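Modelling step: build the complete structure from the supplied sequences, incorporating the hints.
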Amino acid sequence: KNEVEQSPQNLTAQEGEFITINCSYSVGISALHWLQQHPGGGIVSLFMLSSGKKKHGRLIATINIQEKHSSLHITASHPRDSAVYICAVVFGNEKLTFGTGTRLTIIP
Amino acid sequence: SQTIHQWPATLVQPVGSPLSLECTVEGTSNPNLYWYRQAAGRGLQLLFYSVGIGQISSEVPQNLSASRPQDRQFILSSKKLLLSDSGFYLCALEGTKVYGYTFGSGTRLTVV
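Order-wise, the sequence lines are chains Y and R.
So the first sequence is numbered by the numbering used here: it starts at 131 and just counts up by one.
So the second sequence is numbered by the numbering used here: it starts at 517 and just counts up by one.
By construction, these hints were calculated from the structure, which means they are not laboratory data.
Model, not experiment: these values are computed from the prediction.
Any given hint could turn out to be false.
[Unchecked claim] In silico SDA-like pairs for lysine to any residue, Cα to Cα no more than 25 Å straight-line:
(1) Y:K225 - R:D587
(2) Y:K225 - R:Q586
(3) Y:K225 - R:G532
(4) Y:K225 - R:P534
(5) Y:K225 - R:R588
(6) Y:K225 - R:V628
(7) Y:K185 - R:S536
(8) Y:K225 - R:R584
(9) Y:K198 - R:E610
(10) Y:K225 - R:I569
Okay, here's the thing in structure tokens:
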């Protein structure tokens, strides 16, 4: 069964802390997306990965194909980073499968 | 570049009322389009997908329907909303191996 698991489900941290959100999947994939869902509900696509590492500003996404694992890191976290972060995976040629998300709260 | 326009962002509708959510795309032709729903406390679940005009596949039985009247238009509808239809609805465009999926900003529907 194609499954996507995220951890932790909820994460609260102080402003400035380094944040790591994890995503594991069950079988080989062709691509992995990291999405940000704002408190109002809007979705923003952060990264698409099929291998290696990508960086955009304070956000870094990595993927380890052999271990079937991806991480999203946020450096120098800020209250505006508070959101739900969602991992979504394309298993082979199948459709997207979404994780349940990680709710991140950054306290000033 | 490929873009998706999805509206409205939020919607409050009474039980039994009809629903129409629209998603339009730009920057591509003959796209594969998807409607997802996120119920409270759960992950996004695929509702419908379309590989072309008039072609709709449903993943789960429900009170909703979808239509693809034009190549770049994908509509999610209901004749009579139920309380259980409340949730976050997301339209997505399947892209290339380089660019991946493109997502609409979503619609938060509350049925009261």
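Right, here's what the structure says about each hint:
1. Among the hinted pairs, Y:K225 with R:D587 is consistent with the structure: their alpha-carbon atoms are about 20 Å apart, no more than 25 Å.
2. Taken as a hint, the Y:K225 and R:Q586 pair is honoured in the structure, with Cα atoms around 22 Å apart against an allowance of 25 Å.
3. With a C-alpha separation of about 31 Å, the suggested pair Y:K225 and R:G532 falls outside the 25 Å cut-off, and the hint is violated.
4. The suggested pairing of Y:K225 with R:P534 is violated, with an alpha-carbon distance near 28 Å, which exceeds 25 Å.
5. Proximity of Y:K225 to R:R588 is assessed by CA-CA distance (about 19 Å); at most 25 Å being required, the pair is judged to hold.
6. Restraint check for Y:K225 and R:V628: the C-alpha separation of about 32 Å exceeds 25 Å, so the hint is violated.
7. With a C-alpha separation of about 38 Å, the suggested pairing of Y:K185 with R:S536 is violated against the 25 Å cut-off.
8. Restraint check for Y:K225 and R:R584: satisfied, since their Cα atoms lie roughly 18 Å apart, inside the 25 Å limit.
9. For the hint pairing Y:K198 with R:E610, the CA-to-CA distance comes to about 22 Å; that is within 25 Å, so the pair holds.
10. Restraint check for Y:K225 and R:I569: the C-alpha separation of about 19 Å stays at or below 25 Å, so the hint holds.
Checked against the numbered hints given earlier, the structure breaks hints 3, 4, 6 and 7 and satisfies all the rest.
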